[in-house]
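Chains A and B are the protein sequences, given in the same order.
Counting from 1, position 19 in the first sequence corresponds to residue 19 in the UniProt record's numbering; the numbering is continuous, with no gaps.
Counting from 1, position 187 in the second sequence corresponds to residue 187 in the UniProt record's numbering; the numbering is continuous, with no gaps.
Hints are not guaranteed to be accurate.
What the hints assert, rightly or not - Restricting the straight-line Cα-Cα distance to at most 30 Å, the calculated cross-link-like pairs of lysine-lysine (DSSO-like) are:
#, chain 1, residue 1, chain 2, residue 2
1, B, Lys69, A, Lys218
2, B, Lys36, A, Lys207
3, A, Lys207, A, Lys218
4, B, Lys207, B, Lys218
5, A, Lys218, B, Lys36
6, B, Lys69, A, Lys207
7, B, Lys36, B, Lys69
8, A, Lys69, B, Lys207
9, A, Lys36, A, Lys69
10, B, Lys218, A, Lys69
11, B, Lys69, A, Lys36
Said to hold, decoys possible - Some chain A residues flagged as far from chain B (calculated, every beta-carbon gap over 10 Å):
#, residue
12, Ser47
13, Asp167
14, Ala174
15, Met185
Keep in mind the hints are simulated off the structure, nothing from the lab.
Ideal placement from N, C-alpha and C gives every residue a C-beta, glycine not left out.
There are 2 protein chains.
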Amino acid sequence: MSIVKPTRTGDREAGEGSSAYHHGNLREELVEQALKLAEEGGLSAVSVRAAARLAGVSPAAPFRHFPDKMTLMTAVAEEAMRRFRAEIVLALAQEADDDPMLRIRAIGRAYLDWARRNPTHFEIISSRRSIDFDGSPSLGQENAEIQAQIEALLLEAAQRGLLRSNDRHLIQIAARALVYGLARMLVDGHFPSWQVADADIEGTMAKVLDLFVDGLVKERPRPEP
Amino acid sequence: MSIVKPTRTGDREAGEGSSAYHHGNLREELVEQALKLAEEGGLSAVSVRAAARLAGVSPAAPFRHFPDKMTLMTAVAEEAMRRFRAEIVLALAQEADDDPMLRIRAIGRAYLDWARRNPTHFEIISSRRSIDFDGSPSLGQENAEIQAQIEALLLEAAQRGLLRSNDRHLIQIAARALVYGLARMLVDGHFPSWQVADADIEGTMAKVLDLFVDGLVKERPRPEP
DNA sequence: CAATCATGTAATCATTGATTACATTCATTG
DNA sequence: CAATGAATGTAATCAATGATTACATGATTG
């Protein structure tokens, strides 16, 4: 019992012995190739046909697995979101300090870092014109878990008396807006007009994040050493 | 001297007397129709051909005025940006108070209000994949003037000793990121997952803006009445 | 082994951005 | 005032893409 369904586990490049008519793992490979296309050529480089080409199948084959392009892009977004959240979870695990505001900052840094390194993937999970966000439980859940994490940290911060404002929901929206805005400015190419050189982007974003977090906490000289 | 070039000033709908082969004002009308298409059907509804159709010319005609679609979209963005900044200038003129932070908040509100009422136009001037921002002096200049306005207000705030931080450039980036993030979350459809009803969006954004501005200024009980 | 269902292909459409050769009108000038 | 050349518009055509339909192939299972 509980035997994993074989499905001729993916690997087709190696043996090549299979009959080669049926791919065996097309759905997942299409998602993978679409991610690759996005990474290499931006959002406009992602087409159903190009993904099919890379997967070595006909232009119509993808439509056996996805009713339309939007559904494919939604699956791509799900994979991107999984990676995105994994990185945030990792960053939180690596943050030793238990100061809730420091932990929130760590989330923000991981968020911005991932967006900087995966601009098009970030764009895919962000712009909800090319995906069906509401129709994907996976996307909704991953997103909700990130929010819940921050919510919990804000609650703890409030209990420790760190916060200036009592409206935590508002703080949360503000925090997300700031980080989303920074990431979007990055992928939308706004930084050149802000005299921020490419090499300085990481540092600048970190400083902006600090400035924002400082504005949230009650004014105190500074955490004494 | 200084006689305005006639060019058969636009109006073609009325008289209809003209030969009807030459449009007379096609370039501007294409921009106008593209703006209308964006307004009514979102970014994906904007096509060169649709604009040509609405203008009553052949599919190839637009290419006499714009070498490619991106150039048309850039002209569309220029018009949208003009309207955008006009609204900000108006809001500043209507803000009687001379407190620089209140004036900055007024800019933020006008920004968010315009984006909320013109989501696709906002998207067009924001996403720099469909336009050639750097190739348009007009876009660069309007953008620079908004930035200069905020810079001046921040300088004044600093001189009055209102600011927590001394790094005004960083404050400016943070402010833009917050407002850009809010506007982007709006047009990208993120608010439903934040339990913010459509009717509350305006109020919520205003409160987030206040929260942010409060975080920038030095902690003082409150501006006494 | 045969039936059936999942999965892939071929052929075809409509839409779109773009180009090229040709047509028409406007404006300048002899 | 007509002729001529520059602007401006059209027709025809291409290649790429999303999508659909009829058909082919292979895997699963009774």
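Against the structure, the hints come out as follows:
1. Of the supplied pair hints, the one linking Lys69/B and Lys218/A is violated, its CA atoms being roughly 51 Å apart against a limit of 30 Å.
2. Restraint check: the Cα-Cα separation between Lys36/B and Lys207/A comes to about 40 Å, which exceeds 30 Å; the hinted pair is violated.
3. Taking the CA atoms of Lys207/A and Lys218/A, the gap is near 18 Å; set against the 30 Å cutoff, the hint holds.
4. Note on Lys207/B and Lys218/B: the hinted pairing holds, with a Cα-Cα distance of about 18 Å set against a maximum of 30 Å.
5. With a C-alpha separation of about 48 Å, the suggested pair Lys218/A and Lys36/B falls outside the 30 Å cut-off, and the hint is violated.
6. In summary, the hint linking Lys69/B to Lys207/A is not supported, as the alpha carbons are separated by about 38 Å, beyond the 30 Å threshold.
7. In summary, the hint linking Lys36/B to Lys69/B is supported, as the alpha carbons are separated by about 16 Å, within the 30 Å threshold.
8. Of the pairs offered as hints, the one joining Lys69/A and Lys207/B is violated, with about 38 Å between alpha carbons and a cut-off of 30 Å exceeded.
9. Restraint check: the Cα-Cα separation between Lys36/A and Lys69/A comes to about 16 Å, which is no more than 30 Å; the hinted pair holds.
10. Restraint check for Lys218/B and Lys69/A: not satisfied, since their Cα atoms lie roughly 51 Å apart, outside the 30 Å limit.
11. For the suggested pair Lys69/B and Lys36/A, the alpha carbons sit about 26 Å apart, so the restraint of at most 30 Å is met.
12. Distance check on Ser47/A: its Cβ is at least 15 Å (rounded) from any Cβ of chain B, clearing the 10 Å threshold; non-interface status holds.
13. Not every CB of chain B is more than 10 Å from the CB of Asp167/A (nearest about 7 Å), against its label as outside the interface.
14. Distance check on Ala174/A: its Cβ comes as close as 5 Å (rounded) to a Cβ of chain B, failing to clear the 10 Å threshold; non-interface status is violated.
15. Against chain B, the non-interface label of Met185/A is violated: not every CB pair exceeds 10 Å, the least being about 6 Å.
When held up to the earlier numbered hints, the structure conflicts with 1, 2, 5, 6, 8, 10, 13, 14, 15 and fits the remainder.
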